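A.B. asks: Start from the sequences, fold in the hints, and give me the full structure.
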Amino acid sequence: MRDPLTLTLSPEGRGKKKDDAMQFVLQLVFAGVCVGAVYALIAMGLSLTFWTTRTLNFGQGSLLMTASVATVAMLGAGMPAALAVPLGILLAGGLMVVAERIAIRPLLKSGDSMGWVVSTLGLGIFLQGFVSSVFGSQAIAFPSLVFDSLDSVDVAGVQVSSQYLAVLGLSLTLMVAMELFLRRSAWGRAVRAVSHDADAAALAGIPVRRVIVLSFVASGVLAGIAGVMVAQITGTVDPSFGFNLMVLGFVAAVFGGMGNTAGALVGGIALGVIEKLVGGYVSTAAEHGMAFAILMVILAIRPQGLFGRKEFTKV
Amino acid sequence: MRNLLSFLTRTPVVAALLVALGVAAEFVSGATVQIWSFLLVNVLLAQSINLLTGVAGQISLGHAGFLGIGAYGSALLMKNFGLPLPLTLLAGAAMGAFSGWLLSFAAGRVREFYLAMMTLGFGMIFYEVVREWTSVTGGMMGLSGVPSPGLRTLTLFGWSVGPTAYFQIMLAVVAGVVWLLRNFVTSPFGRAFFAIHVSEVAAGSIGVPRARTKRNAYMLSAALAGLAGGFYAHLVGYLGPETFGLHRSVEVLVMAVVGGLGTLAGPVLGAVVFTYLPEKLQIFAEYQFMVYGLILLLSFVLLPRGLAGLLLPRPRFAKDVAPLPAPPPAVPKPSGSGPLLSAEGVSISFLGLRALDNASVTVGAGEILGLVGPNGSGKSTLVNIISGIYRPGDGRVTFDGGAITGLPDHAVARRGALRTFQDPRLVPAFTVRENVLLGGHRLYRQNPLAAALNLPGALREDAAMLGRADAIIAMAGLSHLADTPVRDLPYGDQRMTELSRVILADPRLVMLDEPAAGLSEVELQRLGGLVRHLKERGVGVILIEHHMDFLNELVDRVVVLDSGRVIYQGGMAGMYRDPAVVAAYLGTETQPGEAVHA
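Residue numbers (the working numbering), protein chains in the order written: chain A, -11 to 303; chain B, 889 to 1486.
A couple of the hints might just be wrong.
Here are the simulated lysine to aspartate or glutamate pairs, DMTMM-like style, with alpha carbons at most 25 Å apart [said to hold, decoys possible]:
(1) B:Lys1207 - B:Asp1358
(2) A:Lys97 - B:Asp1376
(3) B:Lys1423 - B:Asp1394
(4) B:Lys1207 - B:Asp1376
(5) A:Lys97 - B:Asp1358
(6) A:Lys97 - B:Glu1000
(7) B:Lys1207 - B:Glu1402
(8) B:Lys1168 - B:Asp1208
(9) B:Lys1207 - B:Glu1232
(10) A:Lys97 - B:Glu1088
(11) B:Lys967 - B:Glu1000
(12) B:Lys1423 - B:Asp1437
(13) B:Lys1423 - B:Glu1167
(14) B:Lys1423 - B:Asp1358
(15) A:Lys97 - B:Glu1130
Examples of chain A residues toward chain B, derived with CB under 10 Å [claimed, not checked]:
(16) Thr43
(17) Phe46
(18) Ser101
(19) Trp104
(20) Ile113
(21) Gly117
(22) Pro131
(23) Phe135
(24) Leu138
(25) Val141
(26) Ala144
(27) Ser228
(28) Val239
(29) Ala274
(30) Glu275
Pair by pair, the computed Cβ-Cβ distance ranges are [what the hints assert, rightly or not]:
(31) A:His184 - B:Arg898: 30 to 40 Å
(32) B:Pro1316 - A:Ala288: 26 to 36 Å
(33) A:Ser98 - B:Gln1310: 36 to 46 Å
I should point out that these hints are in silico values taken from the structure, not numbers from a laboratory.
Predicted model only: the values in this text are computed from it and were never measured.
For each residue, glycine too, the CB sits at the ideal point set by N, CA and C.
C.D. replies: Next comes the structure, spelled out in structure tokens:
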């Protein structure tokens, strides 16, 4: 497993001698905020299916990887980016429908989570194997779509990569839009109703099946977008770059308690910043190990998340 | 096929096969011995994950971590410090066990997909550490020069160990380990693992401490994986981080799932299939990752019980011993004066709703107390507090002369206060007899080692417990069903099984939550008989029930709850005339002159 989000400091960043150290910290923090926003986006995708079915796709990372590799393949075949990117993202949405149909729905009856955890993991492994057998397991270059990787702007004296800035802006916009959609629209309210009590929602005339499928499509689309954005930052994609991202998205999701959007955003950004600081001052290799350690500590100390309320189980 | 395979699982046949394999290794090619050796490593690994995931129900997606800890531990101890093979193998297993012990503190706090994600994270941390800790593990370059039989660099007590001898040593160790595992899984400790797997609440209700039991499962499983790691390290002589990544964890899981989780033969079958397939089928080796993915994706739907479930008879979860005759039940002497159980001023709120409000109840030895009230009046909540599932916000519970307020459920059960649930909570794959044996958990005195070694003391205790269980099963009218798995039984029989399980525990106090619901007239008679039997033995009984005729025949006294408050205590006859009770069930009469709106 290669490290997908190693920080690439822009050459100008180390230029000014005087406040070198300050520049360095601020750049790390900024990069952390940006990748953290992507983690939050992945977390939101995981939350969507968690709301409607109390499940999440352990193959979400591979789905995200598949979307970005498919996008590269289409771009390579000469398709314009305006078409290839949406198609790649839609592919992730479509794969989620497949995941729901064959890996989750048949296994919900047993009431035991082991079945769907294993089957969605299987789907992820399958996708990873499939992509490596078609494209090989080497990293593939992902072209820059909007900004060049060396473009940067000056924000309050800190050199900031334009790509990072775009990723941050798009992630935040998407999360706000999703949250508004869930709070304001009829479909959003239906998702909340199904989340609260699927049987009662069905009695009230809400098409529960359709809401569930929709939530899976939306979850896949968010994963697909996250995949393309990560690929923009790293510049390459390879079949194994998704699994870490899925776990990192999950860390962001549990940080604030599963299903809590604001918590996921705070969690994602905190995780991103911690990772980058560890990467900058300790070793980039320790970045993800740190994130996994944080996951274990959060789950061990507060399984319901830092802001979450304990789930109440009736005996 | 089924007959052939079940013939192959008989102990003398297995022993003969093992000896034959050991002898045959002298005559086959080096490549064959190599594959056989890998097969043994895989058998150990598959047994390891099966113990944790299949038996104790704790999913593990990072099992390669335990394997790697044992492998690097054993290899480094021999390479850097020159420790002999037996010591490095033991140390590898011990390091595995220690890491399992550590992980269990975090993992014991979560379940379901949170646990899956945590174990995935554990595997990934291990991989990152091995990759980056170059000074110790060699990092991406790997660790080479581990003494190995293939290179003739492995020695044991001064003798050079070749590949064949190494295989024979492994064969003996793996056979011994699987034999110990079989004895352990069919012992009370193994049954406790299954109980935790199915329902932690039900396991607690019979005195199984969930945290400690899970911790033991992690330690044992990780020790086996660590041992497998040690064998692996010397077998190949080179260790690299890629061997211990996600791919390996998935492979281990595939072997156990395809073989059949929860059985001992299953992991062996799975290990055979997935050791030979990549060797014999080039196409499989090429698309291995995809095939593993497809298998995981489909196996729970297509083959939920694995190859073992398909090809082999149902495994047994109790030892094959001849039951000893049951001794006549002794009437226990109360250890304190006053009532057997008293709950005083108990209150509890859930999210602002007051479920119990200053409720007090007492039960004497040999007394049957009916607990009555409308739905939601707090009856089950009271039983949940007494049995230690909820901690009361206020109030005091004493049992048998000692305070039990706030004790965990398994500790309450160990003291002799046991309960049943509204919905019978049994282990579906167990037979009636095996489920009833679970009830004996608080009485067993054998230790895990004696159980795993089949020592005479442990076997004698098993035989005595079996005799008592059979006597209780007969009393409950279930003898003809004793060997039927409970998942095939109707509701009424499951209820009687659950009650029999409680009786085997030799309880002082029994709490039954709506035991009569859904029972036929004949079954009601038998249930009444069992409750009277408990009373004659001086057991206190709390009976939550809506079936008033059934209560009327049995109870000495009733307590009526409404909205969390005790509104009546006394005889059944008085209950019907009590204005508060009537109001609670039928509503208040409107007062003359009060306006009535249509």
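A.B. asks: For each hint, tell me whether it holds in the structure or not.
C.D. replies: Hints, verified against the model:
1. Between Lys1207 (chain B) and Asp1358 (chain B) the CA atoms are separated by roughly 14 Å; this keeps the pair inside 25 Å, and the hint holds.
2. For the proposed pair Lys97 (chain A) and Asp1376 (chain B), the alpha carbon gap of about 18 Å is at most 25 Å, so the pair holds.
3. Between Lys1423 (chain B) and Asp1394 (chain B) the CA atoms are separated by roughly 12 Å; this keeps the pair inside 25 Å, and the hint holds.
4. Between Lys1207 (chain B) and Asp1376 (chain B), the direct Cα distance comes to roughly 22 Å. Compliance with the 25 Å bound is thereby established for this hinted pair.
5. Restraint check for Lys97 (chain A) and Asp1358 (chain B): not satisfied, since their Cα atoms lie roughly 34 Å apart, outside the 25 Å limit.
6. A distance of roughly 15 Å separates the Cα atoms of Lys97 (chain A) and Glu1000 (chain B); the hinted pair therefore holds under the 25 Å criterion.
7. Simply put, Lys1207 (chain B) and Glu1402 (chain B) have alpha-carbon atoms about 33 Å apart, too far for the 25 Å limit, and the pair is violated.
8. For a cut-off of 25 Å, the pair hint linking Lys1168 (chain B) to Asp1208 (chain B) is broken: about 39 Å separates their Cα positions.
9. Only pairs whose Cα atoms come within 25 Å are accepted, and Lys1207 (chain B) paired with Glu1232 (chain B) is rejected, the gap being roughly 44 Å.
10. In summary, the hint linking Lys97 (chain A) to Glu1088 (chain B) is supported, as the alpha carbons are separated by about 20 Å, within the 25 Å threshold.
11. With a CA separation close to 40 Å, the supplied pair Lys967 (chain B) and Glu1000 (chain B) exceeds the 25 Å bound.
12. A C-alpha spacing of about 19 Å is found between Lys1423 (chain B) and Asp1437 (chain B), which places the hinted pair at or below 25 Å, so the restraint holds.
13. Taken as a hint, the Lys1423 (chain B) and Glu1167 (chain B) pair is broken in the structure, with Cα atoms around 65 Å apart against an allowance of 25 Å.
14. Proposed proximity of Lys1423 (chain B) and Asp1358 (chain B) is supported: the alpha carbons are some 20 Å apart, at most 25 Å.
15. Distance check on the hinted pair: Lys97 (chain A) and Glu1130 (chain B) sit about 37 Å apart at the alpha-carbon level, beyond 25 Å; violated.
16. Hint on Thr43 (chain A) holds. Least Cβ distance to chain B is approximately 7 Å, under the 10 Å limit.
17. Residue-level restraint check for Phe46 (chain A) holds (minimum Cβ-Cβ distance to chain B is 7 Å; threshold 10 Å).
18. The restraint placing Ser101 (chain A) at the interface with chain B holds, with a minimum CB-CB distance near 4 Å, inside the 10 Å limit.
19. For Trp104 (chain A), the interface hint holds, since its Cβ comes within 10 Å of a Cβ in chain B; the closest pair sits about 8 Å apart.
20. Here the hint on Ile113 (chain A) is kept, as its CB sits about 3 Å from the closest CB of chain B, short of 10 Å.
21. At a threshold of 10 Å, the smallest CB-CB gap from Gly117 (chain A) to chain B is about 3 Å, leaving the interface hint in force.
22. Because the smallest distance between the Cβ of Pro131 (chain A) and any Cβ of chain B comes to about 27 Å, over 10 Å, the interface hint for this residue is violated.
23. The closest approach between the C-beta of Phe135 (chain A) and any C-beta of chain B is roughly 31 Å, which is over the 10 Å cut-off, so the hint fails.
24. Because the closest C-beta pair between Leu138 (chain A) and chain B is about 29 Å apart, greater than 10 Å, the hint is violated.
25. A distance limit of 10 Å between C-beta atoms decides the matter here; for Val141 (chain A) the minimum to chain B is near 34 Å, and the interface restraint is violated.
26. Evaluation of the Ala144 (chain A) hint against chain B yields a violated restraint, the C-beta minimum of about 35 Å exceeding 10 Å.
27. For Ser228 (chain A), the suggested interface contact is upheld, since its CB lies about 8 Å from the closest CB of chain B, less than 10 Å.
28. The restraint placing Val239 (chain A) at the interface with chain B holds, with a minimum CB-CB distance near 8 Å, inside the 10 Å limit.
29. A cut of 10 Å between beta carbons decides the hint on Ala274 (chain A): the least distance to chain B is about 7 Å, and the hint holds.
30. The restraint placing Glu275 (chain A) at the interface with chain B holds, with a minimum CB-CB distance near 9 Å, inside the 10 Å limit.
31. Between His184 (chain A) and Arg898 (chain B) the beta carbons are some 55 Å apart, a value that contradicts the proposed interval 30 to 40 Å.
32. Distance hint for Pro1316 (chain B) and Ala288 (chain A): a CB-CB separation of about 31 Å, consistent with the stated range 26 to 36 Å.
33. Roughly 21 Å separates the CB atoms of Ser98 (chain A) and Gln1310 (chain B), a value that falls outside the hinted 36 to 46 Å.
The earlier numbered hints that this structure contradicts are 5, 7, 8, 9, 11, 13, 15, 22, 23, 24, 25, 26, 31 and 33.
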